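J.: Below, each chain spelled out in residue letters.
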Amino acid sequence: MQLELRGITKRFGSFTANDQISLKVEPGQIHSLLGENGAGKSTLMNVLFGLLRPDEGEILIDGVVAPIADSGEAVRRGIGMVHQHFMLVPVFSVTENVVLGFEPTKSFDRVDYRRATEDIERLSQQFHLDVDPDAIVENLPVGLQQRVEILKALSHDAELLILDEPTAVLTPQEIDSLMAIMRSLAAAGKSILFITHKLKEVKAVADVITVIRQGHVVGTAEPSASESELASMMVGRNVQLTVEKSPFNPGAEVLEVRDLVVLGDRGLVAVDGVSIDVRAGEVMALAGVQGNGQTEFVEALVGMRPVLSGTITLHGRDITNLTPRQALDAGLGHIPEDRQRDGLVLSMSVADNLVLNTPRRAPFARHGTRDLAAVNDNAVRLVHDFDIRTTSIQGPASSLSGGNQQKVIVARELSRPLEFLIASQPTRGLDVGSIEYVHRQIIEHRNHGNGSLIVSSELDEVLALGDRIAVMYEGKISGVVDPSVSRESIGLLMTGHTSETASV
Amino acid sequence: MSLLSTRTTSKETPLVKNRRTRVIAVLMALIGIFTVFVFGWGSESRAHSSLTFTPLNLTNAPWHLGSLTVVTRWTDVVLGLVMIAAAAEVFVRQPRRAVMARFGGVAILFLLALLFWAARSPGPSPVSSVNITTILVGSSAAAMVLIFGSLSGVMCERAGVVNIAIEGQFIGGAFLGSMIVSTTHDFFFAAIAGAVAGALIGLVLAFLSLRYRSDQIIVGVVLVTMLSSLSSYLNLQVLTPFPNFNTGNLAPNLAIPLLSKIPIIGPVFFNQSGFFYLMIVLVAAVSFALFKTRYGLHVRAVGEHPRAAATVGINVIRVRYINVVLGGAIAGLGGVAFMATQGQFQVGYTSGWGYIALAALIFGRWRPSGAVVASIIFGLSVYLSYELVTYQVPVSIYILQMIPYLITIAVVAGLIGRVRAPAADGQPYLRD
Numbered sequence: 001m002q003l004e005l006r007g008i009t010k011r012f013g014s015f016t017a018n019d020q021i022s023l024k025v026e027p028g029q030i031h032s033l034l035g036e037n038g039a040g041k042s043t044l045m046n047v048l049f050g051l052l053r054p055d056e057g058e059i060l061i062d063g064v065v066a067p068i069a070d071s072g073e074a075v076r077r078g079i080g081m082v083h084q085h086f087m088l089v090p091v092f093s094v095t096e097n098v099v100l101g102f103e104p105t106k107s108f109d110r111v112d113y114r115r116a117t118e119d120i121e122r123l124s125q126q127f128h129l130d131v132d133p134d135a136i137v138e139n140l141p142v143g144l145q146q147r148v149e150i151l152k153a154l155s156h157d158a159e160l161l162i163l164d165e166p167t168a169v170l171t172p173q174e175i176d177s178l179m180a181i182m183r184s185l186a187a188a189g190k191s192i193l194f195i196t197h198k199l200k201e202v203k204a205v206a207d208v209i210t211v212i213r214q215g216h217v218v219g220t221a222e223p224s225a226s227e228s229e230l231a232s233m234m235v236g237r238n239v240q241l242t243v244e245k246s247p248f249n250p251g252a253e254v255l256e257v258r259d260l261v262v263l264g265d266r267g268l269v270a271v272d273g274v275s276i277d278v279r280a281g282e283v284m285a286l287a288g289v290q291g292n293g294q295t296e297f298v299e300a301l302v303g304m305r306p307v308l309s310g311t312i313t314l315h316g317r318d319i320t321n322l323t324p325r326q327a328l329d330a331g332l333g334h335i336p337e338d339r340q341r342d343g344l345v346l347s348m349s350v351a352d353n354l355v356l357n358t359p360r361r362a363p364f365a366r367h368g369t370r371d372l373a374a375v376n377d378n379a380v381r382l383v384h385d386f387d388i389r390t391t392s393i394q395g396p397a398s399s400l401s402g403g404n405q406q407k408v409i410v411a412r413e414l415s416r417p418l419e420f421l422i423a424s425q426p427t428r429g430l431d432v433g434s435i436e437y438v439h440r441q442i443i444e445h446r447n448h449g450n451g452s453l454i455v456s457s458e459l460d461e462v463l464a465l466g467d468r469i470a471v472m473y474e475g476k477i478s479g480v481v482d483p484s485v486s487r488e489s490i491g492l493l494m495t496g497h498t499s500e501t502a503s504v
Numbered sequence: 001m002s003l004l005s006t007r008t009t010s011k012e013t014p015l016v017k018n019r020r021t022r023v024i025a026v027l028m029a030l031i032g033i034f035t036v037f038v039f040g041w042g043s044e045s046r047a048h049s050s051l052t053f054t055p056l057n058l059t060n061a062p063w064h065l066g067s068l069t070v071v072t073r074w075t076d077v078v079l080g081l082v083m084i085a086a087a088a089e090v091f092v093r094q095p096r097r098a099v100m101a102r103f104g105g106v107a108i109l110f111l112l113a114l115l116f117w118a119a120r121s122p123g124p125s126p127v128s129s130v131n132i133t134t135i136l137v138g139s140s141a142a143a144m145v146l147i148f149g150s151l152s153g154v155m156c157e158r159a160g161v162v163n164i165a166i167e168g169q170f171i172g173g174a175f176l177g178s179m180i181v182s183t184t185h186d187f188f189f190a191a192i193a194g195a196v197a198g199a200l201i202g203l204v205l206a207f208l209s210l211r212y213r214s215d216q217i218i219v220g221v222v223l224v225t226m227l228s229s230l231s232s233y234l235n236l237q238v239l240t241p242f243p244n245f246n247t248g249n250l251a252p253n254l255a256i257p258l259l260s261k262i263p264i265i266g267p268v269f270f271n272q273s274g275f276f277y278l279m280i281v282l283v284a285a286v287s288f289a290l291f292k293t294r295y296g297l298h299v300r301a302v303g304e305h306p307r308a309a310a311t312v313g314i315n316v317i318r319v320r321y322i323n324v325v326l327g328g329a330i331a332g333l334g335g336v337a338f339m340a341t342q343g344q345f346q347v348g349y350t351s352g353w354g355y356i357a358l359a360a361l362i363f364g365r366w367r368p369s370g371a372v373v374a375s376i377i378f379g380l381s382v383y384l385s386y387e388l389v390t391y392q393v394p395v396s397i398y399i400l401q402m403i404p405y406l407i408t409i410a411v412v413a414g415l416i417g418r419v420r421a422p423a424a425d426g427q428p429y430l431r432d
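In order, the protein sequences belong to chains S and H. If you read the first sequence in our numbering, its first letter stands for residue 1, the second for the next number, and so on. If you read the second sequence in our numbering, its first letter stands for residue 1, the second for the next number, and so on.
Accuracy of the hints is not assured; some may be wrong.
[Claimed, not checked] Between beta-carbon pairs, the in silico distance windows are:
(1) R19(H) to D176(S): 52 to 60 Å
(2) V26(H) to R381(S): 42 to 50 Å
(3) G429(S) to V26(H): 42 to 50 Å
(4) L430(H) to R258(S): 54 to 62 Å
(5) T9(S) to L430(H): 51 to 59 Å
[Said to hold, decoys possible] Okay, the calculated bits of chain S under chain H, using three or more residues with CB under 8 Å as the criterion:
(6) 80 to 89
(7) 194 to 208
If you're looking for bench data, these hints aren't it; they were derived computationally from the structure. Everything numeric in this text was worked out from a predicted model, so none of it was measured. Ideal placement from N, C-alpha and C gives every residue a C-beta, glycine not left out.
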């Protein structure tokens, strides 16, 4: 199907999220929509999928104006969406998920599961998706769950598939097979709109690239364009994609973790005997697909989750099972994974958030009362030093953009003397400019001879920051490698192959 | 958040699963050991318990089974050993399924052992006897009411709305049912009135929690409190001055020809009031609807992941309204059924059965079949807690009344198998 957007404009109050956006997707084409977070990609897709009404402009399908009032209509017109956060019921089988809302029925409103299963098997074979219709979705790896989403769209006879940031949760191998699937879908005549901010993937798979920034189409590009060209189009200025690091000069061991065992939320073992050493002046990057125990590991390190067995020592001092307060006092800095839940008190002011870890210490408090002048002075200084964009230091943290919220946390953690920095997904959801900034701060901290542990599921980030890379899989360290190894071998470690098999 | 961060722990590691099964096994063994030493060894060596089977109120029974007198000590020791054997089986074999069913079996054996012990006579000639059929018939009435309640819970919670108001719907159904049957002398009208009362309470719950997204638990508790106060007030103002509105008719038994004549089973299953048969039909209907039909698939999707349901065009709010109102009607029927087996409406006479039904819902893992099994166990223990007053036992009935809740705590604490509520249970749904 040919899809054309003409002059789509969508405003939220005084803010224009999409401004006169036009683009055309041809049948059998993989059309990439490249843009930073907040550039207006998601708004555009929601307009296209009928979740939002455009204020201006029109949508044409095969040359005919086709207004789309709701997502049901989008589906009827042959548009399928693979959501970034899968819209799958975890406890349902693949079949149940695929037929949901479009069930073939027998008498008495019974669902005809046999017919449904046959349809799914046929589609699955046709597009080499290789999905077992009877499997329970929550037992499937993320890559397969995504295929279930694709199956769902295909089973509704989608001719155009929208893939919204589909690679964010995948391992490198899963990304490769997703791209193969995308190509085979395109070869079968399906159109694909591929939304992403990852340059490598765009170059690998797209036929045409449309770049948007701040709600405008800033241009189109060929996949042959270089990464830095694409990046500067996307950001609007030249960006440095690599972080400058001073030569690696490790000192003595700072953090030593031995045989750590930690339980997850449901009482199951999430961290299963992890041992790791980090030296002074070293960034240890902890890679791995999300949900392999990294979250629990970090929470145990900073005292937010009890350690079942094993030890953590910092400069030779046992810091196992400290309270978060004691962990902070021991000199651990922590940039948490979920900044809005664990990093900030959103309803409190920027100034208060900037002293959240030392509120009752001099100079911010004396004799049990707060010294608000000192708190404000501190805020003014940090807002300036760390370039936090805020209208007022008294405004609530919730009024800041994601990138600036993250800067508040980075500023707070790095502005006091630290023994060790632990940063979890430090750039998640940030635009390229903010990523650049946060990376520089982390490396500067390292260049001063401090140790740090950076947890990230972004391979690019891991490779850019890490002096050594530990890969975590199902609660265990599957290997510790040098950043010079190939992406493929790290990818193998991320899927549980041990370092002997992966180092080939 | 959401999908991504919760995935970590969804895989069962064998280590922890084994540990949990072992905890259950140990629990079962402790109950067995308690039975052997307290009920078995604790009874005098010459004490006997006598069992009879002919129902007292079924004088025209074509059968008469004699009584069976057993030595209390050895009977309870054997029962305790059976429990210990079951515990050993679970401990060693680590069965993957039906661990909870085994636990339920042990609970039932325990109640029986307790009964023998309580009803023992000091010598070989029994002074009193335990009538098994009467106990089963009596428990079946309690179980029936609990099944109505827990079925109501299944309807609501599968769609993602917590219905704490079951107790209130029992009260409303019982009150209105009693008035209607006293005036019309027809339980058919009483049933309809009770169902409507329950449905209306469900509608209020649905309206406040779906339209205004109030906290479902709080709304539910408020509704129960309101209904219990309202019923006290109306009782004082209407039923007390006009006793004709509260004559306390009991629903007549409808004996099914032939089947009702089967010893023991007959009186329990085939000589019951219409409410009992209605309950069986409802259990089958809800099971079928929930797990076989298109509508049931929508309901379960709405209870697990409402946004996913909404993206494929399912109207989440409508499904929730329908289920909460239907669930309310079922609980309202439960209230009438309660009244039809217990008699005259009195203030506070549902005495927390609505909450026991909620416990049965959880013990039954949000499934109609599970709710039935749990309601039977809880019904037995509720009935026995009243019945044991007639025997002179040094155990307060209040202790026995704690059993359903103790089991529920054990279940919720994850001691007995893994129970998982529908993922969106109690979560308000926000369209965006």
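J.: Give a verdict on every hint.
T.: Hints versus structure:
1. R19(H) to D176(S): 52 to 60 Å: For R19(H) and D176(S) the Cβ distance comes to about 39 Å; the hint is violated.
2. V26(H) to R381(S): 42 to 50 Å: 60 Å, violated
3. G429(S) to V26(H): 42 to 50 Å: Given about 47 Å between the Cβ atoms, the range holds.
4. L430(H) to R258(S): 54 to 62 Å: 45 Å, violated
5. T9(S) to L430(H): 51 to 59 Å: 26 Å, violated
6. 80 to 89: Check passed, 7 qualifying residues.
7. 194 to 208: n = 0 at 8 Å, threshold three: violated.
The structure fails hints 1, 2, 4, 5 and 7 (numbered hints given earlier, in ascending order).
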